[in-house]
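Listed below, chain by chain, are the residues.
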Amino acid sequence: MGVLELRDVSYTYQTQYQKVEALRNITASFDGGRVYAVVGKSGSGKTTLLSLLAGLDLPTEGEVLCHDVATSQMKLEQYRREQVAVIYQNFRLFPLLTVEENVMYPMELRGTSPKEAREKAKILVERVGLPETVLGRYPTMLSGGEQQRVAIARALGMDTKILLADEPTGNLDTANSENIFSILQSLAHDDGYCVIIVTHDRTLAQKADDILELKDGRMVE
Amino acid sequence: MVIRNGILSTVRSRGRTILFALLIFLLTLSLSLGLGLWSYCAQTLAAMDATYTSIALVEYKGENYPDQYASDETARMAFAQLGDYSQVPGVELWEPTQWGMVLADGYRRPDGTIPYENRMVVSVFQLSEVFAFQECPAQLEDLPEEYLILSDDRCSVHIHAGVWEDIPYYTYMPPETPAAYVTEQMDGTVTLVDEEQNLSMELNWLKNQEGFFRRDTYIETDPETGKLTAIDSLVNFRLALDHYQGIIGENLYSYDGTSGVLVEVHPGESGFVAEKGKRYLIHGERMDGGTSAQAVVVREFYEGCEQSPWVSFDRYDDPLFTDSLFSQYAKKYDLGNNYIQEEASDNIPALEPFQQGTLYLKEGRYPQAGETGVCTVTQDIAQQLDLELGDELPVSVMQSAQTDPFALEETGDSRTWTVVGIVNQSKGYEGHLWVSRQDALPHAPLFGYLFGRAVLDNDEAVEAVEQMAAMAPDGVEITLYDQGYATAAQPLQAMEATAQGVTFASLAGSFAVLCLFAFLFVGRQQQAVDVMVSLGTPKRKIWLWLLSGVTVVAGVAVLAGMVVSAISMQLLIWLALQGAQALYAADQRYSNGALGTTKEAELPQQVPLWPAWVAAVIVFLLALVLCALFTRVAQRKNTLNRGKSRVRAPRSGTSTAGKGAVRFALLSARRGGWRSVVVPVVTLVLSGFLGFLMVTALGWGQQRDTLYEDTTITGQFTSVNGRQYTGLMLEDPWRLWDSGLLSSMQVYDSTHFWIPDEMPDFPNTTFGNKLWSEWVSKQPELIFLNGLEISPKFAYGQVPAITWLEGWDESFLEDPGYYNTPQSTPLPCIASQTWMEEQGIGLGDDININVQKGGTITVFPVGSYALGGTDKSIYVPLSRLCLPPWQAENPQQSAAPWEYFPGCRFTLQSSYDLEQCREYLAQEGYSVPGDLNGSRIVVVLNDYAFTQTVEALGRYITLSQILFPVLFLLMGVMGFVVSWLMVNSRRMEFAIMRGLGASPKRVFGSFFLEQMGLCLTGCVVSGVILGIWSGQPVVWLTSAGFALFYLAGCALAVRAVGKAKVFTLLTHAD
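Heads up: the protein sequence lines correspond to chains R and B, in order.
Under our numbering, think of the first position of the first sequence as 18, with each following residue one higher.
Under our numbering, think of the first position of the second sequence as 902, with each following residue one higher.
Treat each hint with caution, since some may be false.
[As the list claims (entries may be wrong)] The calculated DSSO-like cross-link candidates involving lysine-lysine, where the alpha carbons are at most 30 Å apart (straight line), are: (1) R/K36 x B/K1962; (2) R/K224 x R/K36; (3) R/K92 x B/K1560; (4) B/K1773 x B/K1679; (5) B/K1560 x R/K178; (6) B/K1108 x B/K1671; (7) B/K1177 x B/K1671; (8) R/K58 x B/K1962; (9) B/K1902 x R/K139; (10) R/K232 x B/K1962; (11) B/K1902 x R/K178; (12) B/K1232 x B/K1179; (13) R/K132 x B/K1902; (14) R/K36 x R/K58.
[To be verified] Non-contacting residues of chain B with respect to chain R, defined by C-beta distances greater than 12 Å in every case (computed): (15) D1358; (16) L1568; (17) S1725; (18) M1889; (19) G1932.
Hints are computed from structural coordinates only; laboratory data are not their basis.
If you're wondering where the values come from, they're calculated on a predicted model, not measured in any experiment.
Backbone N, C-alpha and C define an ideal beta-carbon position, used for all residues, glycine too.
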């Protein structure tokens, strides 16, 4: 039994012109302390899978289970707030909050006092390899790699053991990509995080502990 | 291909396309109708302005008003003080009265229009004496042995045949006769009848023996005690020379010019005594001798003339007939009787008789300003002199004497004018001609009371008249004649204002909607622009792609709007006009602003169609320009340029202020940059605009209420033309009191008075009576009134300041306590200081006066006033004559003592009763000024300035009532749209929050609180500013209302964004 589990998950949605079966009968299990890479071509259902794992939506069939509890049985906001942390391809940082405030935000959502959240944010920013000087800056003042680190720091601030990353290195150069991946890997291997990375970068995927490939919404063995 | 794709990509978002096409259609339609209505009203008002002429007559309400030929020195003094009205705003032309006299060979004035109709300069011969009985004062001790004393309808007869005391005296035969009586037949035969004695005796012989008396009673005041005593006296009928009878010889001047006919010559005061067989040349005045023969009273040429008005002569070739005062006066009368009055003006159609329609052009034209050598004549001149257009009219220029306009003297000057126009013939305008000011004759002295006429700008007429009135000397009245322009123009002006409001609101709405249209359809096409840029699409093609779709959508919508408005405009404008007329048509009945004739306004039937296409072009071009601007924005914002913007770190660094949603809202608001400035500024401007409108509308409402509260509407009975308030014949003005709408009524009545010793002796003849009447009519007036405002001296101006005897004020004039008091009771009065000084009396001193209709009375001044001139009138309480209905116990007490009241003015209880008063007047059959077919009782309400102001305010208020909700809605929608756009531009932040697990409540709070804070900041600032400026707490309502719209937009936007897939947003490329 993994930390996260997909049981016969299918996801269908209706566009203006057609019905799309994005995922079909996916069953998988994810454990802590490991890095998973979900790969596949464009339109294979990788991002849909990630959004279901992130609790942004519910599967149309099957179940997504977290610690054996189906997400359909939970309040999704609470699930997102307390169980999973997501790092998006385009970082998705609040443009009008400073780096520090961005990192503090999820902690505050969980009821952490601003003072405590601030201290913790400093530690997390340092942990992802950013200097203290960036704390008071807006995200738009940072480079792409730096913004991605801030996004990771914010995910870490959520204090969950499941970390989902959607193309975390998609907008980064090779050096930055490697740095970011090593951070994620360290989180899995050193801190017991279950890290699931959605990527189409085969090289990056090769560095993961497990690789899941999707093709036309189905899991390829 | 690019265009096709651009169009397809636009129209494929169907809902949005239909919504905006509909909005653009409606805005085009409303703009077109607004413009159409505006242009229709402006065009119609311009046509009306050209058709209607407003003039102001400047008149002096002098003693002999409205005698147009009166020679009044006080009027001339006031004329000299007259300001230059040409400088008054709204006065287009000011022309002081300027007319002169000319003579034209062959022109004779028609009967009834000549000034010296009664004058005669004739020779008489074969004069014989004619005797008649005359009344002479007599004493009781003078009674002869035989006599008859007549006392009213009784008489006493003492003759040798017997004595009859106190028997009836009949001037007709009674149905039942007493035993003895005296009767007077139609032929003057007096007969004594005693049926008991079977006596019937003619008594006329008593007259020949000076034994015929009449008992007379008069009141005399004891000069020492001041007490009045009734004195009995006798009048004796004696046979005396009454006049001469003769034949007219050479007739130097008389109305009919006859000679060889019988004439009665009355000596009058001249002392004329004819010697038998002598011929006389006499100057006199024709009179009614009661017979078919002509009668003339010998009179002096002029007052104080040393030359005797009669002289004997022997031969008809005596120089008297050619070179004497007699011949001079005969010539003067002859000349004066055939004058042609010349009037000079640079705007003849705007002279009162033309403007009022009394005179009109039958042929040709009027002389133009600056044109010389041409004239327009009345039809009688043209007919008598056989003139046609283009003919020449030679005239001799005459000079009037200072005191008599018709006393003409040759000036030696002559003119020849070419007749360019002939006007109709109208009573009172015989023998008139008009020339331009350039051709005016040398200035003549002022006669009459018309000082001049101003031609006014129709729209500024009321203000101009007010300003002219403010500049006018005392006694000068300004009357506006606008031919009904104000009444006719009012609905159109109201409609024009509404149309302007609709036009500007439509333009503002178009701008707002088209901004949104451009933003949504072009500004947000960054992705498409990115794609095209990345594919190396030329800039021109990107423009084409972006603009083609919006061009089609906007084009179709404006075309539809144009077509529909063109089709429906006629009907809609007609409906609007009907509505405006129902709403704004001011009731001007009985108003002093509606004097004179009224023109019917002809409204154009055709409505211009250009506003339809102009509106379409405006909306279409606006759409294109805004879309073009947003095209630039879309290109500038494309992702390829991203990252070039510079951002500064927050000065305060990381913040720990606030908690939860409030913290995020605060941080966003503080750091939102232009976004955080735009919202308060937009809300400040829009809510401020609405607040300003509301405050203004409320101000108008308050002004109107104040006006109603503070205004006192007065009115008066007038002559038919509405200009004369005094000298009328009002039988029962009190009837108006029954309306229950009046707070007061003031009437006056008057008679002449003199100081007892001042009256000269007059001969006891017919002519003597005439002289007595003339003398009395020149004496000052004793005026009975219950308020000084109705005094004939003050009715046209201001009541002067009164100096009061201690304990007295004007209220004594209304005191009913003088009703039915004995004749001997002294009356308090108000008199002029001049008169009091003349009489050597002060306030509180008694003085006796003889009153034309009422014997001798004692008055004592309790108030005095200083007024220029020689006013000697005395004002006493009305109750000495009669009582107003509210003080009277029965209608008889209110009746006019001498048949008529000459003037009456009244005050309405409240200005709110004005309309009701008009209705009452109409219902009771009172006439409006100028209505020659109505009753002769004309009432004028002095409400014009009030009604104009109230109507103008009412127009603004109605307009604001119509426009305010529309503008409020429009501003509200704009606020709604702004808030929607503000929230929608934050969709990603919204998604991030949701992605991080923030609760919907917190997400809603974060955005809503931020927008609320920003919006309320603007609203509060506008509320505070307007509140302080206007002092109206109600401005907060508009701020609150606007804030509601804004926040509703915000709430709905947050809800709508909440429905979007968070996952889609977060995983979207950007």
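Take the C-alpha atoms of B/K1560 and R/K178, compute the straight-line distance between them, and say whether it is at most 30 Å.
26 Å, holds
Are the Cα atoms of R/K92 and B/K1560 separated by 30 Å or less?
23 Å, holds
Compare the distance between the alpha carbons of R/K224 and R/K36 with 30 Å, and conclude whether the hinted pair is satisfied.
36 Å, violated
With the threshold set at 30 Å, check whether the alpha-carbon distance from R/K36 to B/K1962 stays at or below it.
17 Å, holds
Taking the minimum C-beta separation from B/M1889 to chain R, is that value above 12 Å?
7 Å, violated
Please work out if B/K1773 and B/K1679 have their alpha carbons no farther apart than 30 Å.
OK: B/K1773 and B/K1679 at ~11 Å, within 30 Å.
Hint check: R/K232 vs B/K1962, CA-CA at most 30 Å. Holds or violated?
24 Å, holds
For the pair supplied as a hint, B/K1177 and B/K1671, is the alpha-carbon distance within the 30 Å limit?
Holds, at roughly 28 Å.
Taking 30 Å as the top limit, are the C-alpha atoms of R/K36 and R/K58 close enough?
This hinted pair holds, its Cα atoms lying about 20 Å apart.
In terms of Cβ atoms, is chain R entirely out of 12 Å range of B/S1725?
Fine: 104 Å to the nearest Cβ keeps B/S1725 off the interface.
Run the distance test for B/K1108 versus B/K1671: straight-line Cα separation, threshold 30 Å.
24 Å, holds
Holds or violated: R/K58 with B/K1962, Cα cutoff 30 Å?
23 Å, holds
The structure is inconsistent with the numbered hints 2, 16 and 18, although it conforms to all the rest.
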